[in-house]
Amino acid sequence: MSAAKAKRRRRALPGFGLSLGVTLAYLGLLVMIPLSTIVWRTLDLSFGQFWATVTSDRALASFGLSLVAALIAASINVVMGVIVAWVLVRYDFPGRRIVDGMVDLPFALPTAVAGIALAATWAPTGILGKHLAAVGISGAYSRLGVVIALVFIGLPFVVRTVQPVLEGLDPRLEEAAALLGATRVQTIRRVVLPALRPAIVTGFALAFARALGEYGSVVFMSGNMPMKTEIAPLLIMSKLEQFDYAGATALALVMLVISFTILIAINGLTWRSARRASEVRARPAASELAPAAVVAGGEP
Amino acid sequence: MTPARSPVSVEPAWVRAVLITAALGFLAVFLVLPLGAVLHAAFGKGIAAYLAAVSEPDTRAAIKLTLLAAGIAVPLNMLFGLAAAWAITRFHFPGKRVLITIIDLPFAVSPVIAGMLFILLFGAHGLLGPWLSGHGVKIVFAVPAIVIATAFVTIPFVARELIPALEARGPEQELAALTLGATPWQTFCRVTLPNLRWPLAYGAILCTARAVGEFGAVSVVSGHIRGETNTIPLHVEILYNDFQYQAAFAVATILIGIALATLIAKSLIEWHAGRGRRSH
Numbered sequence: 016m017s018a019a020k021a022k023r024r025r026r027a028l029p030g031f032g033l034s035l036g037v038t039l040a041y042l043g044l045l046v047m048i049p050l051s052t053i054v055w056r057t058l059d060l061s062f063g064q065f066w067a068t069v070t071s072d073r074a075l076a077s078f079g080l081s082l083v084a085a086l087i088a089a090s091i092n093v094v095m096g097v098i099v100a101w102v103l104v105r106y107d108f109p110g111r112r113i114v115d116g117m118v119d120l121p122f123a124l125p126t127a128v129a130g131i132a133l134a135a136t137w138a139p140t141g142i143l144g145k146h147l148a149a150v151g152i153s154g155a156y157s158r159l160g161v162v163i164a165l166v167f168i169g170l171p172f173v174v175r176t177v178q179p180v181l182e183g184l185d186p187r188l189e190e191a192a193a194l195l196g197a198t199r200v201q202t203i204r205r206v207v208l209p210a211l212r213p214a215i216v217t218g219f220a221l222a223f224a225r226a227l228g229e230y231g232s233v234v235f236m237s238g239n240m241p242m243k244t245e246i247a248p249l250l251i252m253s254k255l256e257q258f259d260y261a262g263a264t265a266l267a268l269v270m271l272v273i274s275f276t277i278l279i280a281i282n283g284l285t286w287r288s289a290r291r292a293s294e295v296r297a298r299p300a301a302s303e304l305a306p307a308a309v310v311a312g313g314e315p
Numbered sequence: 463m464t465p466a467r468s469p470v471s472v473e474p475a476w477v478r479a480v481l482i483t484a485a486l487g488f489l490a491v492f493l494v495l496p497l498g499a500v501l502h503a504a505f506g507k508g509i510a511a512y513l514a515a516v517s518e519p520d521t522r523a524a525i526k527l528t529l530l531a532a533g534i535a536v537p538l539n540m541l542f543g544l545a546a547a548w549a550i551t552r553f554h555f556p557g558k559r560v561l562i563t564i565i566d567l568p569f570a571v572s573p574v575i576a577g578m579l580f581i582l583l584f585g586a587h588g589l590l591g592p593w594l595s596g597h598g599v600k601i602v603f604a605v606p607a608i609v610i611a612t613a614f615v616t617i618p619f620v621a622r623e624l625i626p627a628l629e630a631r632g633p634e635q636e637l638a639a640l641t642l643g644a645t646p647w648q649t650f651c652r653v654t655l656p657n658l659r660w661p662l663a664y665g666a667i668l669c670t671a672r673a674v675g676e677f678g679a680v681s682v683v684s685g686h687i688r689g690e691t692n693t694i695p696l697h698v699e700i701l702y703n704d705f706q707y708q709a710a711f712a713v714a715t716i717l718i719g720i721a722l723a724t725l726i727a728k729s730l731i732e733w734h735a736g737r738g739r740r741s742h
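Protein chains in written order, with this note's numbering: chain A, 16 to 315; chain B, 463 to 742.
Simulated from the structure, these hints should not be mistaken for laboratory data. As the structure is a prediction and not an experimental result, all values here were calculated from the model. Worth double-checking, as some hints may not be accurate.
As the list claims (entries may be wrong) - Computed far set for chain A versus chain B, every beta-carbon distance over 10 Å:
1) L39
2) R56
3) T70
4) S71
5) V83
6) I87
7) L103
8) L124
9) R199
10) V216
11) G238
12) Q257
13) R287
Stated by the list, open to error - Derived pair list, reagent style SDA-like, types lysine to any residue, alpha-carbon separation capped at 20 Å:
14) B:K600 <-> A:L35
15) B:K558 <-> A:A40
16) B:K558 <-> A:L44
17) B:K526 <-> B:T691
18) B:K526 <-> B:L541
19) A:K145 <-> A:R158
20) B:K507 <-> B:Q708
21) B:K507 <-> A:T140
22) B:K558 <-> A:F275
23) A:K145 <-> B:A503
24) A:K145 <-> B:L501
25) B:K558 <-> A:V46
26) B:K558 <-> A:L42
27) B:K507 <-> B:S517
28) B:K558 <-> A:T276
29) B:K526 <-> B:I726
30) A:K243 <-> A:A191
31) B:K526 <-> B:F603
32) A:K243 <-> A:L159
33) B:K600 <-> B:I700
34) B:K558 <-> A:T140
35) B:K558 <-> A:L35
36) B:K526 <-> B:E690
Where is the CB? At the ideal position from N, CA and C, for every residue including glycine.
My request is simple: use the sequences and hints to build the entire structure.
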């Protein structure tokens, strides 16, 4: 948009001061001031204390578990998410629309309910857990339980970022590839997957970021044993319960830096790919599902 | 939905069957079986036990508190979403991308950390804690902090729906109304708001679902006082940790009902919005 047009808009429409004022005041009070208390609290610690807290054996074990479990879960969600999106877009089968709606269930279901539901399924007495227990694997109350919970809560992200791109993909591209002599596998590898790559990366990053901070579903599935199945948010929680606010803050700061880096990377990624492929429109109400993509779409 | 594809870009039938089976199997294991397990456990001891669990006084108090928290947080975030969408889509100002990223921040913050922020701010050893307790105001481990934490984690939902919707419309209708002599308030109520009713409803539904189900953030600030500072998800946790499994799963079915209602309402609005777009 040209600068002159922008100026005319600003003059013509009312409410700039009011709407921006409300926005900034609300975000300031509810987000920025509370977030800044983290920095203020961390300043209570010397660097030595901070470093000792975040590199203690228990902290490192929890960060390691959180990162590795989130990485494994997001990777599983990439593979299964692309398959689910592909099946939902390309194939017709009875109940497809219901299945499509069900994919959003992990977004709508409170995490605590997800946690006890998964525990009931995967515990040694559960419908799936008893089969695992029979071969000596514990599905719940183990590191595997953490991964299962994280797969559940991250399930919709890749599906919902890949699905609109797949729907918007011009079928002629694949036909052209086939007519030029490519096998179906070559077409998918060289034509379809490259077009999906930005959406897959975004979906992976969203699922990973969500998994990293997840608490509600994991506490019911992990057994919460320090050094073994204790995730980082749980360690923060137990430090808070012992009124070790400085320690909790130090761990939270590390988590926040990781999450914000991912958030900024996602916004940068989707913004770039939205510009590159602006003709592939996201589904009108993709919502929480492709958050950064929707936000990027809102940029004039 | 599924356009007719030329035979050269369709997989053989056995590949299709394998992929559909894999997708449905995955969703069945991760979505359907856990839900079934909850329902089985909730109704396993009969309808009477179920009704007793969901009508017990502590459960009723939890439902009330959850409704209160959502009833304050959701309207606040709707107002915020309208203001933010109007400012961001209708005017140019420096730092707009930063502002959009800040609106998204609550999604990037772990719920436990979100709750912790308000302990650091309002808690006994917090920044404002001594001042607040000096004035006899109790925020943390009481209802106010539950409302504030709920509002924090649900900030992005409405704004995120309204920003693209308002952007897609452009300012022409509002400009026309203003030119024809409508006051700014009339323009907002008669032009902007009606145009935004579906995205607003959509955002509000997602916001409500999260507000009702928030666990981590509320758990940190609530103090877990039965009958007083317990929301429905916290009540489920307490029952579960007390080994009252049947009661825990029974109360959980309330939340499952809300989640399924959310999904249905969401699909209806998507269907409605899709139909509206085609008729234009």
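Output the indices of the hints that this structure fails to meet, ascending. 1, 2, 7, 8, 9, 14, 18, 29, 30, 33, 34
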